[in-house]
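Letter by letter, the chains look like this.
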Amino acid sequence: MLRKQIRNYLLLPIALLLVACAGTRSAYQYADTLDKKAYVVTQHYASLVHEAADIAALPGTPQAVKDSLKAADKSVKPFIVGDPTKVPPVPGLSDLAASFKATRDAKTEAELQAAIDKALVELSTLVNAVNAARKSP
Amino acid sequence: MNWLSYALIALRSSSLALSINGRAVEGNTLAALANALESGRDVDNHMAAVAEALKRGDAADWQGVLNAIEADSARLQNS
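Top to bottom, those sequences are chains Y and A. If you're matching positions, the first sequence starts at 1 in the working numbering and goes up one per residue. If you're matching positions, the second sequence starts at 138 in the working numbering and goes up one per residue.
It cannot be assumed that every hint is accurate.
Straight-line alpha carbon distances no greater than 20 Å define the calculated DMTMM-like cross-link-like pairs of lysine to aspartate or glutamate that follow [unchecked claim]: (1) Y:Lys86 - Y:Glu122; (2) Y:Lys86 - A:Asp198; (3) Y:Lys77 - A:Asp198; (4) Y:Lys70 - Y:Glu109.
In silico negatives: residues of chain Y with every beta carbon more than 12 Å from chain A [what the hints assert, rightly or not]: (5) Gln43; (6) Asp105; (7) Lys118.
Don't read these hints as lab results, they were simulated from the structure. Glycine included, every Cβ here is placed at the ideal spot set by N, Cα and C.
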């Protein structure tokens with residue numbers, strides 16, 4: 001009985017870890033420059049927000065799940081696409097990647113690296129929200 | 138079909154068999170696992186396509202991905 005319960009609780013995260021990450025892992029592996037890494041992070045966010053929108057559109061999705069997905073999207077999006085309403089405006093990863101590609105100096109490299117690091121931390125919020133939504137009834 | 142497709146068929150068949158035999162909890166667990174794998178596959182397929190494009194040396198389609206983000210984010214926020 002205990003073994004069955006343990007198996008039930010462990011099977012889902014282990015399977016997700018093994019199966020759902022192969023394409024994502026190789027995309028990050030092929031991003032061998034900083035601007036490509038920024039592009040992969042942006043594509044990762046795009047695929048997650050697409051799935052979040054699909055889940056939210058399902059008729060049976062509970063309102064609490066929708067609210068959690070919306071909140072996660074709102075918190076992550078400015079770190080990916082930037083925020084022109086802030087003073088000074090926050091540049092998106094695409095703007096920083098373009099600056100880095102144009103100049104390739106230490107300043108733009110540091111700015112892009114810092115933005116990617118922050119975006120990845122925020123992106124984990126959306127990953128968790130989508131993972132939780134997938135398991136919801 | 139790849140091995141994930143076979144795994145999904147096996148999980149859904151087992152889930153149905155368990156539910157028919159009165160073991161609804163185990164059946165639901167397997168069904169939830171199948172759903173999670175299937176939905177996670179969409180994100181992973183998308184990222185696999187991105188990996189292939191990088192491998193081929195395709196130029197980054199920034200405008201395309203930013204347009205997709207705006208459309209899907211608006212769809213989510215308006216749901």
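Results of checking the hints against the structure:
Our distance criterion of 20 Å between C-alpha atoms is met by Lys86 of chain Y and Glu122 of chain Y, whose separation comes to about 18 Å. Of the pairs offered as hints, the one joining Lys86 of chain Y and Asp198 of chain A is violated, with about 26 Å between alpha carbons and a cut-off of 20 Å exceeded. As the CA atoms of Lys77 of chain Y and Asp198 of chain A are separated by approximately 18 Å, the hinted pair is consistent with the 20 Å bound. Distance check on the hinted pair: Lys70 of chain Y and Glu109 of chain Y sit about 31 Å apart at the alpha-carbon level, beyond 20 Å; violated.
Residue-level check failed: Gln43 of chain Y sits 5 Å from the nearest beta carbon of chain A, not beyond 12 Å. Interface exclusion of Asp105 of chain Y from chain A stands, the closest Cβ pair being 20 Å apart, more than 12 Å. Listed as outside the interface, Lys118 of chain Y is consistent with that label: its C-beta sits roughly 17 Å from the nearest C-beta of chain A, beyond the 12 Å cut-off.
The earlier numbered hints that this structure contradicts are 2, 4 and 5.
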